[in-house]
Every structure is written in structure tokens, then in C-alpha cells.
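Asks: Sequence:
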Amino acid sequence: MDDAGDGDFSSVRAAVSAGEALPAAVGDRAAALIGAPILEQIGSTEAGHAFCANSVAQNVPGTIGRPVPGYQLALRDAGGDQVPDGAEGELWVRGPTLLREYLNRPQDTAAVLVDGWLNTRDRACRLAGGAYRHTGRMDDMEMVGGITVSPLEVERVLVEHPVVREVAVAAVADQRGATKLRAYVVTSGAAVNPVALEAELIALAKRRLAAFKVPRSVQTVPALPRTPSGKLRRYEIRNGTW
Numbered sequence: 000m001d002d003a004g005d006g007d008f009s010s011v012r013a014a015v016s017a018g019e020a021l022p023a024a025v026g027d028r029a030a031a032l033i034g035a036p037i038l039e040q041i042g043s044t045e046a047g048h049a050f051c052a053n054s055v056a057q058n059v060p061g062t063i064g065r066p067v068p069g070y071q072l073a074l075r076d077a078g079g080d081q082v083p084d085g086a087e088g089e090l091w092v093r094g095p096t097l098l099r100e101y102l103n104r105p106q107d108t109a110a111v112l113v114d115g116w117l118n119t120r121d122r123a124c125r126l127a128g129g130a131y132r133h134t135g136r137m138d139d140m141e142m143v144g145g146i147t148v149s150p151l152e153v154e155r156v157l158v159e160h161p162v163v164r165e166v167a168v169a170a171v172a173d174q175r176g177a178t179k180l181r182a183y184v185v186t187s188g189a190a191v192n193p194v195a196l197e198a199e200l201i202a203l204a205k206r207r208l209a210a211f212k213v214p215r216s217v218q219t220v221p222a223l224p225r226t227p228s229g230k231l232r233r234y235e236i237r238n239g240t241w
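Residue numbers (numbering that gives the first Met the number 0): 0 to 241.
Be aware that one or more of the hints could be misleading.
When the alpha-carbon atoms are kept at most 20 Å apart in a straight line, the in silico SDA-like pairs for lysine to any residue are as follows [as the list claims (entries may be wrong)]:
{"hint": "1", "residue 1": "Lys230", "residue 2": "Arg120"}
{"hint": "2", "residue 1": "Lys212", "residue 2": "Glu87"}
{"hint": "3", "residue 1": "Lys230", "residue 2": "Ser16"}
{"hint": "4", "residue 1": "Lys230", "residue 2": "Glu165"}
{"hint": "5", "residue 1": "Lys230", "residue 2": "Ala29"}
{"hint": "6", "residue 1": "Lys212", "residue 2": "Asp138"}
{"hint": "7", "residue 1": "Lys179", "residue 2": "Ala209"}
{"hint": "8", "residue 1": "Lys212", "residue 2": "Asn103"}
{"hint": "9", "residue 1": "Lys205", "residue 2": "Pro193"}
{"hint": "10", "residue 1": "Lys230", "residue 2": "Val25"}
{"hint": "11", "residue 1": "Lys205", "residue 2": "Thr240"}
{"hint": "12", "residue 1": "Lys212", "residue 2": "Ala127"}
{"hint": "13", "residue 1": "Lys230", "residue 2": "Thr240"}
Derived by calculation from the structure, the hints in this document are not laboratory data.
Bear in mind that the values here come from a model prediction, so they are computed numbers and not experimental data.
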């Protein structure tokens with residue numbers, strides 16, 4: 000967006016965001032830049048396309064919208080029971096385009112397909128108005144002091160800082176082997192004092208998050224590792240191998 004300059008976006012009616020959760024601050028900047036709404040949605044290879052999406056008629060920024068016609072969603076706890084509105088759960092989907100099986104992988108198929116429902120391995124919560132908010136991937140969760148933390152929840156807070164362009168949070172082991180959250184930050188390009196920025200981001204997190212979700216350190220980096228489709232390579236971030 001910083002390179003968009005004086006581009007002409009007058010013909011744009013809407014833009015779609017998918018593949019990675021869109022931070023609210025980034026979505027607001029993009030919408031202001033193009034003068035049109037940003038419609039966030041979620042889908043999967045196993046489902047064939049998006050199964051939950053915002054639309055021009057019904058757009059709730061910060062959410063992945065409502066089920067696409069023809070699809071049903073369910074949020075379940077670890078025991079398979081449905082969770083109430085506002086509570087996080089594993090996101091299951093049922094619809095006409097789901098995969099029949101993983102080829103020659105019966106155990107993997109049985110793990111994700113149950114009675115016609117697909118376990119997406121995503122976490123989400125259903126808001127009172129009917130829209131869903133994506134809260135992370137099951138395999139992206141971090142363990143800190145024996146407590147599970149969603150890095151996405153922490154990242155959504157930290158990216159609201161005006162000089163933060165991108166952020167990724169991971170649990171790293173200290174010298175004693177205890178895991179602590181560390182935030183890796185890409186700044187907007189302005190001259191930034193990394194010591195002062197670390198203090199500001201930790202203070203921001205303390206105001207908004209439970210104590211165990213607050214990063215203990217912040218490291219400024221030139222870029223974050225991503226796949227060709229733009230998704231964070233979280234395993235590289237955890238290992239510090241990029």
C-alpha cells in the first residue's frame with residue numbers, strides 16, 4: 000500500500016481478502032486507499048472455495064462474514080460438542096463441494112471428515128449478529144507456561160501501533176528452557192528506536208491482553224517469512240530460521 004502512490008481506484012467496487020487473517024488496521028488503511036470495502040472471507044482446498052464470506056450488502060470488518068449459501072458451519076469444543084455464541088471453537092463445515100477423501104490416505108481422511116462434516120482445523124467464534132471471527136489455526140497455537148495462546152489475537156493488538164506494518168508472534172525458549180512470547184515486527188519505514196518501540200508495544204499489550212498473552216520481548220526485522228500466497232511460515236518464525 001505504501002507504493003500505491005496516486006493510483007486511480009475509482010472503478011473498484013470492492014476488494015476481497017483471504018488466505019491470512021486481515022488485521023483491522025491494515026483493512027482500514029486499504030479501504031481508505033481504494034475508497035471501497037474490503038471483504039474478508041475464508042475457504043480451504045478441501046472445500047473447493049470460500050464457504051464463509053462478507054459481501055457488499057453485509058460486511059462486518061474484522062470478521063470472515065457469514066456462511067455462503069449452501070454451506071453450514073459449526074463450532075465445536077475438543078469433545079465434539081457445539082460451543083455457544085462468543086466462545087471459541089474448532090470450525091467445521093458441511094456443503095456440496097467438500098473433498099471425498101485424501102487419495103490413499105484413509106487415516107487422514109477419517110481425522111477430518113466425520114458424518115459429512117469437515118474439520119477445517121481453524122478456530123473461530125460466532126458473534127451475536129451471526130458473523131464469524133477467525134481466531135487462528137489449531138496448529139498455530141502457542142504454549143506459554145502451560146497455557147494455550149493464539150498468536151493471532153496478540154498480533155491484532157500489536158499491529159494497531161502506528162509504526163507497525165507487520166507482526167508475527169511466537170513462543171521461544173529462554174536460557175532456562177521456559178517458553179515466552181516474542182513479537183517480530185516490521186516497521187512502516189520511518190526511523191524507529193527499537194528499544195522505545197519494544198516498550199510501547201509491551202505496554203499496549205498489557206493494556207489490552209491478559210498477562211500471559213503479553214510478549215516478553217520485541218525484535219524488529221526487515222521482513223517476515225511468507226509462502227508464495229502470502230501466508231506466514233510460522234514454523235520458521237518459531238525456529239528463527241529465516
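Asks: With reference to the structure, classify each hint as holding or not holding.
Replies: Here is what the structure says about each hint:
Note on lysine 230 and arginine 120: the hinted pairing holds, with a Cα-Cα distance of about 16 Å set against a maximum of 20 Å. For the proposed pair lysine 212 and glutamate 87, the alpha carbon gap of about 16 Å is at most 20 Å, so the pair holds. Under the criterion of a C-alpha separation no larger than 20 Å, the hint pairing lysine 230 with serine 16 is consistent with the structure, at around 12 Å. Taking the CA atoms of lysine 230 and glutamate 165, the gap is near 12 Å; set against the 20 Å cutoff, the hint holds.
About 18 Å separates the Cα atoms of lysine 230 and alanine 29, which keeps this hinted pair within 20 Å; it holds. Proximity of lysine 212 to aspartate 138 is assessed by CA-CA distance (about 17 Å); at most 20 Å being required, the pair is judged to hold. Under the criterion of a C-alpha separation no larger than 20 Å, the hint pairing lysine 179 with alanine 209 is consistent with the structure, at around 14 Å. With a CA separation close to 41 Å, the supplied pair lysine 212 and asparagine 103 exceeds the 20 Å bound.
For a cut-off of 20 Å, the pair hint linking lysine 205 to proline 193 stands: about 18 Å separates their Cα positions. Proposed proximity of lysine 230 and valine 25 is supported: the alpha carbons are some 15 Å apart, at most 20 Å. Among the hinted pairs, lysine 205 with threonine 240 is inconsistent with the structure: their alpha-carbon atoms are about 28 Å apart, more than 20 Å. At roughly 25 Å between alpha-carbon atoms, lysine 212 and alanine 127 are farther apart than 20 Å, so this suggested pair is violated.
With a CA separation close to 16 Å, the supplied pair lysine 230 and threonine 240 stays within the 20 Å bound.
The earlier numbered hints that this structure contradicts are 8, 11, 12.
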